[in-house]
Amino acid sequence: MSKHHGTPSIGMSPEPPGHLSEGSAALWRSIVRDYNFGQYPEALAILLEAMNARDRAEQARLIIAAEGITVCDGRNSIKGHPCVAIAKEAQNVFISAMKALRLDPDSSAKGVS
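For the sequence shown, the UniProt record's numbering begins at 1 and goes up steadily by one.
Bear in mind the hints are in silico, worked out from the structure with no lab data behind them.
Treat the hints loosely; a few may be bogus.
[What the hints assert, rightly or not] Computed spacing ranges between beta-carbons, pair by pair: (1) H19 to P41: 14 to 22 Å; (2) S30 to S96: 13 to 21 Å; (3) N92 to I63: 12 to 20 Å.
[As the list claims (entries may be wrong)] SDA-like mimics (lysine to any residue), calculated; alpha carbons at most 25 Å apart, straight line: (4) K88 to N52; (5) K99 to S21; (6) K99 to R61; (7) K99 to N52; (8) K99 to A85; (9) K79 to R61; (10) K99 to N36; (11) K99 to Q39; (12) K99 to A43; (13) K79 to A43; (14) K88 to G68; (15) K88 to P17; (16) K79 to E89.
Heads up, the beta-carbon is just placed ideally off N, CA and C, and yes, glycines get one too.
Could you put together the complete structure from these sequences and hints?
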């Protein structure tokens, strides 16, 4: 799965918050289980930020897929879709949070690009 500087161990595995997507909830369970994050509230807080950002990025990408990467403003000028910036920022938050947890975001992203 992902690289973590430490020894993974099985321990208490708090369930993911109910608002997370199926994919983010599955990733939460995997990380919490593999790295015993249930004992570390600060790690769970960072992990929650990562999973929220992962979901935000996915929501933004779905909107972009449906509406395109550009939008027409009120003056008929073509501009970049605001969701492009939202997706990029959310991806950056995800990557930063995963790095703060000392996890490899590339192997954990699974659908975050």
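Hint check, failures only: Number 13 - this is the single hint that the structure violates.
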